[in-house]
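> Please construct the entire structure, taking both the sequences and the accompanying hints into account.
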Amino acid sequence: MKALNRSFLIILVVSVALLIVINRLNAAQGFSGDNTLTVYNWGDYIDPDVIQQFEEETGITVIYETFDSNEAMMTKIEQGGTTYDIAVPSEYTIEKMVEEDLLFELDQDKIPNLQYIDERFLNLPFDENNRYSIPYFWGTVGIIFNPELLPEGMEITGWHDLWDPRLENQILLVDGAREIIGMGLNTLGYSLNDTNPEHLYETLDRLEKLTPNIRAIVGDENKMLMVNNEAAVAVGWSGDAADIMWENEAMDYVVPEEGSNLWFDNFVIPKTAKNIDGAHEFINFMLDPEVSAQNTEYVSYSTPNKEALKYMPEEMVNDERFYPDAALTDKLEVYENLGKENLAFYNELFLQFKMYRK
Amino acid sequence: MQNKTFRHLFMLPYALWIIIFVIAPILLVVYFSFFDINGNFSLTNYKNFFTATYLQMTLNSFWYAFLITVISLLIAYPTAYILTRTKHKQLWLLLIIVPSWINLLLKAYAFIGIFGTHGAANRFLEWAGIGSRQLLFTDFSFVFVAVYIFIPFMILPIFNALDKLNPSLLYAANDLGASKWTTFRRVIFPLTLDGVKSGCQVVFIPALSLFMLTRLIAGNRVITLGTAIEQQFLVTQNWGMGATIAVFLIIIMVGFMALTSIRRRGV
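If you read the protein sequences in the order shown, they are chains A and B. According to my numbering, the first sequence is numbered sequentially starting from 1. According to my numbering, the second sequence is numbered sequentially starting from 1.
Derived by calculation from the structure, the hints in this document are not laboratory data. Possibly wrong hints are sitting among the right ones.
[As the list claims (entries may be wrong)] If you anchor each label on the Cβ, the simulated ranges turn out as follows:
id : chain 1 : residue 1 : chain 2 : residue 2 : range
1  : A       : 202       : B       : 259       : 38 to 46 Å
2  : A       : 202       : B       : 56        : 43 to 51 Å
3  : A       : 11        : B       : 67        : 39 to 47 Å
4  : A       : 151       : B       : 67        : 32 to 40 Å
5  : B       : 70        : A       : 228       : 29 to 37 Å
6  : B       : 41        : A       : 151       : 29 to 37 Å
7  : B       : 91        : A       : 147       : 52 to 60 Å
Ideal Cβ placement from N, Cα and C applies to all residues, glycine included.
Below is the structure:
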């Protein structure tokens, strides 16, 4: 008992000592108040050199923290106790955050570089007039495939190819109700924001016929699985595709010809922000065409900054897989907030689809 | 008199603990289960639960938890028995328990590598002349990994029960002419039944609500109630339905506890 008490006391003393040291260190480096900026972003989603450049130019110290899902990010901001000045949620989360009053309105006068953003990506339904958000990167949902593992002579151009019996047990799907139900709706020629129950049941029927071809329904593991040649085909985001192609150049990606989802990750200033001026400065800096070009080359997602394209290597800009032409872009749709009840219905159908056995 | 007050005072932390971390959460779960997605009081969640999807899912969860428990028991009992007969039994026991210190997720990721098409397991199968086959994302791999994870929890209580067994009882059985099998069936097993029961409880109950493994190892080809709860809370944010599923999970667990803690008269 004595030993237990003593070890308990030691742990307590060490913890307190560490806390004091951290506090001292922070104070010594000036990590408090106006000259720091806490950026809350997805993992590996910014060029570290760009942050350094920003720090040198403005004298603001950037604290960079990462999250791995919109839900986790939102929960952390909702709970408070954090001081995030910038966060980078996806579009459907922005709608939710606005509803819950978690975001500050942006002062667009402080972001003159907004002029470089392509008009196609401004004033979208999830945030009209960009009152709360500025697009950071965009992308699509599509088909990632390994040509070496495809059956001889098979080409993949759209969703309908996934139902090909030659792909038996070869497809990895991403574990997301909106993505997979949306894929089914697009295959049948409906909008991926369709809420007509008849269309949705028809979609479920169609998706269940895909079951023999499905190897697994997974999350972020799909990258690792594709790189390890675990399956020939995966349905996923263009960003994952870029990562996979970075690991294995033989891989390919296609934006399905039937249409698909267009997604955005966007800068917002959450209500937890302490350095609002700094946050505006940061967003403006990131929209600078040269900075944006450098950052895009590092992250390799698609940039909405049309001026930045001029500073980027041509083969990157002309890659139709990541910058699809106008005809295809017209078929891409942004997820609309369908409301809780429809979302629940989507999820119910997705659960039924997952339950369906061969 | 003072003694009694003191005793009550000492009880306070435990009582608080039970109220805050056991009773209150269960009451909250039950309370939330009566609200539909729009926050209105209703029984829709219960109505939804009694549809084919959720009943099938309950059956699935039950079946896999049952399989995992039975297989764990079949492996754990002989292991525990052999352990009690070894020279350095505490050391062996420690070696069996050490893997359970490693994070579950880490072990799951390791198994993705081992069971992969080009993983170690398949290379072995090829070398053995059986030929490679799909291991990952099958029922087999799901049950295998789950059993691997739960086995230490099954071995421990059985080991303790066997270890406490008075050896003179075995000598007596031997003296009275019982064969080894009869000794086991009539003496050893009944006397260690309590260990077996608590082992089964410790394995069956968490196995019922497994959810990370269903995605990582079974690739969502196995859908359990745990998966549905996760989806309802995190994605749909329909807390009511998630809570309703949890209520049924709790009912099944309580039922299982009751079933395994009935003491036969005379034992």
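> Where does the structure disagree with the numbered hints, that is, which hint numbers, in rising order?
2 and 6
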